[in-house]
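Undergrad: My request is simple: use the sequences and hints to build the entire structure.
The lines below spell out each chain.
Protein chains: 2
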Amino acid sequence: MSEKSNEKITSREVDFAQWYTDVCKAADLVDYSSVKGSMIIRPYGYAIWEHIVSVLDKMFKETGHVNVQMPMFIPESLFNIEKEHVEGFAPEVAWVTRGGKEELEEKMIVRPTSEVLFCEHFKKIIKSYRDLPILYNQWCTIVRWEKETRPFLRSREILWQEGHTMHATKEEAMEETLRMLECYRKLQEDFLALPVITGKKTEKEKFAGAEASYTVEAMMWNGVALQNGTSHYFGDGFAKAFHIQFLNKNNELETPYQTSWGVTTRMIGSLIMVHGDDRGLVLPPKIAPTKVAIIPIGDVEDVLTSMTDCLAAREISFMVDCSDKSPGYKFAEAEVKGYPIRLEIGKRDLEQGEVTIVRRDTLEKIKVAKDEAVDKIEGLLETIQKDMLEKARVRRDSMIYEAKDYPEFLKIAKEKTGFIKSKWCGEGTCEDKIKEDTTYKSRCIIDECHDGKCVCCGKDAKYDIYWGKQY
Amino acid sequence: MSEKSNEKITSREVDFAQWYTDVCKAADLVDYSSVKGSMIIRPYGYAIWEHIVSVLDKMFKETGHVNVQMPMFIPESLFNIEKEHVEGFAPEVAWVTRGGKEELEEKMIVRPTSEVLFCEHFKKIIKSYRDLPILYNQWCTIVRWEKETRPFLRSREILWQEGHTMHATKEEAMEETLRMLECYRKLQEDFLALPVITGKKTEKEKFAGAEASYTVEAMMWNGVALQNGTSHYFGDGFAKAFHIQFLNKNNELETPYQTSWGVTTRMIGSLIMVHGDDRGLVLPPKIAPTKVAIIPIGDVEDVLTSMTDCLAAREISFMVDCSDKSPGYKFAEAEVKGYPIRLEIGKRDLEQGEVTIVRRDTLEKIKVAKDEAVDKIEGLLETIQKDMLEKARVRRDSMIYEAKDYPEFLKIAKEKTGFIKSKWCGEGTCEDKIKEDTTYKSRCIIDECHDGKCVCCGKDAKYDIYWGKQY
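Those protein sequence lines, which keep their order, are chains X and S. Going by our numbering, the first residue of the first sequence is number 25, and it counts up by one from there. Going by our numbering, the first residue of the second sequence is number 25, and it counts up by one from there.
The reader is advised that the hints may include incorrect statements.
For identical chains, the list gives no copy identity; a pair is met inside one copy or between any two copies.
What the hints assert, rightly or not - The list that follows gives simulated cross-link-like pairs (lysine-lysine, BS3-like), each with its CA atoms no further than 25 Å apart:
#1 Lys428 / Lys440
#2 Lys32 / Lys148
#3 Lys131 / Lys60
#4 Lys210 / Lys310
#5 Lys131 / Lys171
#6 Lys349 / Lys147
#7 Lys107 / Lys60
#8 Lys125 / Lys107
#9 Lys85 / Lys49
If you are wondering where the hints come from, they were derived from the structure by calculation, not from laboratory data.
TA: What follows is the structure, given as structure tokens:
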């Protein structure tokens, strides 16, 4: 394999960061432009996003959510209404100050998130308990003025969805928060084959303006953590700041309870960094835009046609590489792109009545009778999906460490990159100390606990928590 | 019908503009916010857009196009590369001048359209004839700093799609331009039931930077024209300005030819203004998010369940209004929302073994045996789709006038609002004079002609052309 496409990819053992960038470029996922800090999502990258969107949008609709479209701008005065929120986001927003030839009377920001826009609207449309719950979602891009950017992980402009809901009771809002967290877990485990840990963010790490933030945490191949989605319980904080009230069944005014939740194209970063290898991308079948790459070798027109007809009839997406490049080049290209299965239809194999199937995840080559090929492919797609999740889970679990006391914590943090599980007192001072001593940050609280001592200060522990290095 | 929902709608005979705004609000399509000139697209309005997107996106993919995502910002220097383009758009762009706490070194505009971003990218990815054609599309929002805005018709932020393609030859680029124009015609006639006229824009009215612009022109109920989509042939103008070249089969450098094309949520404005009536929206079945509104009257649980099961099995979308409002209120509500069919399941009808079906387009009431109701509905949805197009076509054609000479033109323009067909010399001076004298603007050239005289100056005519008042 000394093919052109592969040459561009640095080994992930040698330089993981460079490997990541190389894969993003070599698989034609993204490109750069003169717009600093933003990325172009190229057709292959965007097709992955479209698949994620279609899966998630269906889940949202099945749970009663509807889509809306809010303006992308937020007037300064509207942005300023919720104090914690504005302090959290102000340092990283883009400002529109001129429209046409005129300076604006009131400056506007490009939305970094849309809570305030939704709240302003909710105030107008919520009058009675009959109007609740409101279950809204928006697919859009947001802008955060990041200094350092990396494709899919951190970008000035981000494609995402943001759910915004309003409920008559605390309990219902909390249920919704956890329902959407579960929806994200399901998307990531069942479709993206990403094993994830769900839990609660600490006070320090929660969303600006939220009462509680929940998170979906994935571990990359190199042990570094990536936050792959968040779901926030707002209580009635925003609702009070925006004077949103409804008449309950007894005709009394009450304040509703709110949630918001979002995932971004960052999940594509996780797909790359959990499943990819030195040959490029490895996509789980359920989210791969193209499941089978067919490479005809020699004149095999008849068999090719019957194969593609059969794949099409079973709605298995495929591409046929008929370009004038060498088979070796085409194999490498199919590997870079991470198509789950490569089907080689060669004259020589056909003399034995066979074709060759290659699994992208294991690189295993399987010779199979041509009449059984499509059955085999259909079965393998399911196997690959399962195996990829399992393989990722085994690797992740092998990099989860448990620390009983601080010396042990320091030793693991020094020697390993991964998640460290420990008990924690719940105090920000310990969280800060751990971060300063080790660069490990809290990932998520997975449970309350009523025994054991904080790994840092040794006082009574309140929580079981994961720590990790983060992107 | 003195129901609440209807009370809010001004008669379209009395004040068409107010009627339009009333329908937009009463049908819950849009709302306003403190973001001046932008609109909130509410769930029902957005669901219509989602249906349009799904139809169009399928058409794009079937014709070989792929989706991409470009940044929403354009640095000033990039924007300035194509001279005509920048002159056309500069007066109406929004400027981002600050990011976080810093003034930007180079100001950026929020994209009013993305030609320059695509060109910069094309320059990087086009090397050889093998890379062509490039058939890209983007779904996104754009910003144009309009002073006067109206929901769906003119807004500071617009949801749209923009296609951008590159071709090895002029002929191929021109074919693409017309293919996509035809795609828009098909969408509008076959799905939105909007009869449209396609043709070429005059030099004055063409897109800033295009060699030729083609347009899809619809006529509203009141005779006013709406440009419902455009497809542009760029020649090699942008490609030259951006130094985009490719090696042809003879290994010589050539400049490729380019197109761009787009439609926006403005088509929803057309849907409202072509089909709507004093009771509200009337949606053609093929684009209606909900095709059937079911209103149970009394306890009809068993029949309701069998009906909804049957509709679901045939994939006919429906909603059931089980609220505690009166049947009359619910009827009016279903009319405002423009559901193509209303199905009333009433205890009294059921005693005769019947249910009542009401067509939204004609308001015709049809009693039908309950066991035949779903068959009837399925057939009616097709009939309604056809009838709506035909009805709109008849009305439009009744407002197309032909003018042989200028006195006749002036008389029609004074007395009527509609399209005026005439011969034209092709000179901008006549175009300007007609606009000044009558407020009629050129809509589109439908053909060259080799006989007859210009309706304005009396010199030899070059074109058959439509004129109209425009939104």
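Undergrad: Each hint should be assessed against the structure and marked as holding or not.
TA: Now for the hints, and whether the structure bears them out:
1. Lys428 / Lys440: within (16 Å within a copy, 86 Å between copies)
2. Lys32 / Lys148: between (55 Å within a copy, 17 Å between copies)
3. Lys131 / Lys60: Both, since 22 Å and 12 Å are each at most 25 Å.
4. Lys210 / Lys310: within (13 Å within a copy, 33 Å between copies)
5. Lys131 / Lys171: both (22 Å within a copy, 17 Å between copies)
6. Lys349 / Lys147: Answer is between: at 23 Å across copies they meet the 25 Å cutoff, but 61 Å inside does not.
7. Lys107 / Lys60: between (30 Å within a copy, 23 Å between copies)
8. Lys125 / Lys107: Close across copies (18 Å), not inside one copy (32 Å); limit 25 Å.
9. Lys85 / Lys49: between (34 Å within a copy, 24 Å between copies)
In terms of the numbered hints stated before, the structure departs from none.
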